[in-house]
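Undergrad: Sequence:
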Amino acid sequence: MKTMFSDYLRVVMPVLMLFFAGGLLAAEPPVTDNLPESSPSKSEAKPSQTPQLFELRVYTAAPGKMDALHKRFRDHTLRLFAKHGIKSIGYWTAKQEPNEERLYYLVAYPDLESREKMLVQGIAVDAEFRQAVAESTQDGPLTTNIESILLTPTDYSPLK
Numbered sequence: 001m002k003t004m005f006s007d008y009l010r011v012v013m014p015v016l017m018l019f020f021a022g023g024l025l026a027a028e029p030p031v032t033d034n035l036p037e038s039s040p041s042k043s044e045a046k047p048s049q050t051p052q053l054f055e056l057r058v059y060t061a062a063p064g065k066m067d068a069l070h071k072r073f074r075d076h077t078l079r080l081f082a083k084h085g086i087k088s089i090g091y092w093t094a095k096q097e098p099n100e101e102r103l104y105y106l107v108a109y110p111d112l113e114s115r116e117k118m119l120v121q122g123i124a125v126d127a128e129f130r131q132a133v134a135e136s137t138q139d140g141p142l143t144t145n146i147e148s149i150l151l152t153p154t155d156y157s158p159l160k
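According to UniProt numbering, the sequence shown is numbered sequentially starting from 1.
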């Protein structure tokens with residue numbers, strides 16, 4: 001029996017596997033929690049930071065609009081995310097059907113309050129972003145569905 005959860009796992013797991021297999025964690029400092037306090041590596045480790053808030057978004061492209069969706073992200077969205085403090089982690093497409101017409105991406109924010117500010121008071125009212133959306137949707141919407149999942153790292157996650 002097929003469930004919504006199995007559909008969710010089928011969509012989300014490949015993205016997370018790509019993310020963790022993609023070498024993005026290599027830039028993170030080594031985990032030093034199990035080292036003795038006197039260990040040089042322990043004393044050189046960066047102080048613990050509050051975990052970031054991650055957002056996994058899945059855009060289902062309208063028929064024939066995947067290239068236009070990629071173009072908007074490539075030419076406008078990533079740069080405007082950075083302008084407003086939204087940290088891009090990665091952008092992916094799936095290799096298997098029926099997910100080929102979807103854009104998956106992961107972004108990070110310092111916290112939920114910052115996310116709201118960056119979106120509502122930042123990119124949502126940015127004239128350049130609004131123009132890019134208007135121009136890219138002149139011939140109809142680029143998406144039929146947008147999913148958003150807010151994620152917080154576990155205490156054992158190498159990526160915080």
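Check each hint, because a few of them may be wrong.
Unchecked claim - Derived DMTMM-like pairs: lysine to aspartate or glutamate, alpha-carbon spacing no greater than 25 Å straight-line:
{"hint": "1", "residue 1": "Lys-87", "residue 2": "Glu-128"}
{"hint": "2", "residue 1": "Lys-95", "residue 2": "Asp-155"}
{"hint": "3", "residue 1": "Lys-95", "residue 2": "Asp-126"}
{"hint": "4", "residue 1": "Lys-83", "residue 2": "Asp-67"}
{"hint": "5", "residue 1": "Lys-160", "residue 2": "Glu-113"}
{"hint": "6", "residue 1": "Lys-87", "residue 2": "Glu-101"}
{"hint": "7", "residue 1": "Lys-160", "residue 2": "Glu-128"}
{"hint": "8", "residue 1": "Lys-117", "residue 2": "Asp-67"}
{"hint": "9", "residue 1": "Lys-83", "residue 2": "Glu-100"}
{"hint": "10", "residue 1": "Lys-95", "residue 2": "Glu-135"}
{"hint": "11", "residue 1": "Lys-71", "residue 2": "Glu-55"}
{"hint": "12", "residue 1": "Lys-160", "residue 2": "Asp-139"}
{"hint": "13", "residue 1": "Lys-95", "residue 2": "Glu-116"}
{"hint": "14", "residue 1": "Lys-117", "residue 2": "Glu-101"}
{"hint": "15", "residue 1": "Lys-95", "residue 2": "Glu-55"}
{"hint": "16", "residue 1": "Lys-87", "residue 2": "Asp-111"}
{"hint": "17", "residue 1": "Lys-160", "residue 2": "Asp-126"}
{"hint": "18", "residue 1": "Lys-83", "residue 2": "Asp-155"}
{"hint": "19", "residue 1": "Lys-87", "residue 2": "Asp-75"}
{"hint": "20", "residue 1": "Lys-160", "residue 2": "Asp-67"}
{"hint": "21", "residue 1": "Lys-71", "residue 2": "Glu-135"}
{"hint": "22", "residue 1": "Lys-117", "residue 2": "Glu-55"}
{"hint": "23", "residue 1": "Lys-71", "residue 2": "Asp-126"}
{"hint": "24", "residue 1": "Lys-87", "residue 2": "Asp-139"}
{"hint": "25", "residue 1": "Lys-95", "residue 2": "Glu-128"}
{"hint": "26", "residue 1": "Lys-71", "residue 2": "Asp-155"}
{"hint": "27", "residue 1": "Lys-71", "residue 2": "Asp-139"}
Derived from the structure by calculation, the hints contain no laboratory data.
Undergrad: What are the numbers of the hints that this structure violates, sorted from low to high?
TA: Result: hints 2, 3, 7, 8, 9, 10, 12, 13, 14, 17, 18, 20, 24, 25, 26 break, sorted rising.
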